[in-house]
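J.: If you follow the hints, you should be able to join the two separate chains into one complex; please do so.
Protein chains in written order, with this note's numbering: chain A, 1 to 101; chain B, 1001 to 1169.
One thing to keep in mind: the hints can contain errors.
Counterexamples of contact, computed for chain B against chain A with all Cβ distances above 10 angstroms [stated by the list, open to error]:
#, residue
1, ALA1002
2, GLY1087
3, VAL1111
Negatives, chain A to chain B, calculated, CB over 12 angstroms [said to hold, decoys possible]:
#, residue
4, ILE30
5, GLU55
6, ARG86
7, ALA95
Beta-carbon label-pair distances, calculated as ranges [claimed, not checked]:
#, chain 1, residue 1, chain 2, residue 2, range
8, B, GLY1159, A, GLU55, 42 to 50 angstroms
9, B, MET1073, A, PRO4, 25 to 33 angstroms
10, A, GLU98, B, LEU1102, 45 to 53 angstroms
11, A, GLU55, B, VAL1094, 35 to 43 angstroms
12, A, ALA95, B, GLU1136, 40 to 48 angstroms
13, A, LEU9, B, SER1125, 19 to 27 angstroms
No lab work stands behind these hints: they were computed from the structure.
Please read all numbers here as calculations on a predicted model, not as lab measurements.
A virtual CB, placed ideally from N, CA and C, is assigned to each residue, including glycine.
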Amino acid sequence: MIVPMSHILAISATMFLMGFACVLAQRNLIMVLIGVEIMLNAVGLTLVGASALWEQVDGQIFVIFLMAMTSAEVSISLALVVYLNRRKHTLEADAFSEMKG
Amino acid sequence: MATIIFYILAMTALAATGMCITRRNPVHAVIYLVNSLFAVALIFYLLGAPLVAAWEVIIYAGAVMVLFLFIIMMLELAPTEQPQGAGWRRWAPVLLFSLIILGCTVALMAVDPDAAEGVPTYYASPRIFGYTLFQEYALAVQIVSFQLLYAAVGAYYVGRTPRRRQEAG
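Chain B with its partners taken away, still in its complex shape (with noise of 0.2 angstroms):
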């Protein structure tokens, strides 16, 4: 049973990828990406890593995909103009992702509500979790934290409003 979800959301995700990489508006391709995010954390989900599929979906889809929208909105960089051709086949393949990732989450949560069956051999518990990254990887984790800090501040920096050079000239 997971395995053959594991395919149809391996199939599912490559073909988000491709239909996100060959479009030209970018606010679609932010779309089908968020699809094939969504595929690759159920995915993460099956091989053991329920963690890092929660994150995926909070930090990827809902942080990241959403400050490129805030930009490319800001930007107005969608197109304006109407496309040609008929509504429902622009929103059929992205209509079709999402009901295969429903379905497959439905079909997940369905099959073993306890989960007793579809479970990987190997699952990492937050416990181990949290122990190894706080324990071992402590150096790493305020190395990170440092990193965001300097990520913050340099996109302050380049982002500013250039106020003195337009008062000089």
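Excised from the complex, chain A in its bound form (with noise of 0.2 angstroms):
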């Protein structure tokens, strides 16, 4: 390890909290999407720390079953959000509120 475990888990930490913070302040729903992103690239980092902290492939390859879902995902949402522009013509989140109860 060229850096201490708990320097690596503090970046990531901050990464993933900057994207929840995306997700929950911005009211454009790709913004919203864009932190989901950052959560999971900061998943990510903390699975390879863990590989080059145990020496052990395993954590790799879970970031590379990460991709995979965050490749589905996006497919997924970004035609969700074509969906959705093309019912309300709208992206603002508070638009979509028909569901409160």
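T.: Pasting the structure below:
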């Protein structure tokens, strides 16, 4: 390990929280999806750091599965974004509140 | 050497992510996120994961972010009015991040071209990677490929043009 694991964890936790803040604070659906991307990327950084810490290749393989999962998620969610834009001609998250209890 | 570059790249990634999440314009956010992903890819390389670093650039920065840009352009989400302020001020952060990442890459290549010294203690070679992926995790590979198929079918279903309803109405 070139750096302590705690520093990698601190960096990825900061990045995760940034993505979480983006999901919570931004109103645009595209920006919400970008926040999800940032969070998944931070998780991948943690996995690669753990793989380097324990000197096992499993963590890197999990990152590959994470990337495949991200591709699937992005394709479906962007199709949903196109669908929602076609329905209401807006992408503000506040416009889609019909299910409010 | 590798430790210093790691911290420089970590700061770059965090700064680019911070710029990304505060943008109003989604195109700018995607550009900053690409910078952040490049920095994280170099961090992956420094941590002994060269294959994952390559895929980070190819899949995340190359495919996923371009898909985002396609959708942003298709739906015309980018604001059309000219932003206020000097031009260089809008360009400076992204140029700075790109130069830092480029400088770190050149430094990594120039300091030890044979990768003799900066090699991390653990290095996942493609052989070990492939054996583990296709022997221990063979079932997971199949499940993930099914998942990609479902995603393609689902994206096609959600994104299709509702022709039938228009004919009925």
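J.: Next, verify each hint and record whether it holds.
T.: Do the hints match the structure? See the list:
For ALA1002 of chain B, the non-interface assignment is contradicted: its Cβ lies about 5 angstroms from the closest Cβ of chain A, within the 10 angstroms cut-off. Every Cβ of chain A is farther than 10 angstroms from the Cβ of GLY1087 of chain B; the closest lies at roughly 24 angstroms, confirming the non-interface assignment. Distance check on VAL1111 of chain B: its Cβ is at least 14 angstroms (rounded) from any Cβ of chain A, clearing the 10 angstroms threshold; non-interface status holds. With a least CB separation of 5 angstroms from chain B, ILE30 of chain A falls inside the 12 angstroms interface cut-off, contrary to its annotation.
For GLU55 of chain A, the non-interface assignment is contradicted: its Cβ lies about 4 angstroms from the closest Cβ of chain B, within the 12 angstroms cut-off. Not every CB of chain B lies more than 12 angstroms from the CB of ARG86 of chain A, the least distance being 8 angstroms, so the non-interface label is violated. Listed as a non-interface residue, ALA95 of chain A keeps its Cβ farther than 12 angstroms from every Cβ of chain B; the least gap is roughly 14 angstroms. Against the hinted window of 42 to 50 angstroms, the Cβ-Cβ separation of GLY1159 of chain B and GLU55 of chain A comes to about 44 angstroms, which satisfies the hint.
For MET1073 of chain B paired with PRO4 of chain A, a C-beta distance near 43 angstroms fails the hint of 25 to 33 angstroms. Take GLU98 of chain A and LEU1102 of chain B: their Cβ atoms lie about 48 angstroms apart, and the range 45 to 53 angstroms holds. Distance hint check: the CB atoms of GLU55 of chain A and VAL1094 of chain B are about 36 angstroms apart, consistent with the given range 35 to 43 angstroms. The supplied range of 40 to 48 angstroms is met by ALA95 of chain A and GLU1136 of chain B, whose beta-carbon atoms lie about 47 angstroms from each other.
A hinted range of 19 to 27 angstroms holds for the C-beta pair LEU9 of chain A and SER1125 of chain B, which are about 26 angstroms apart.
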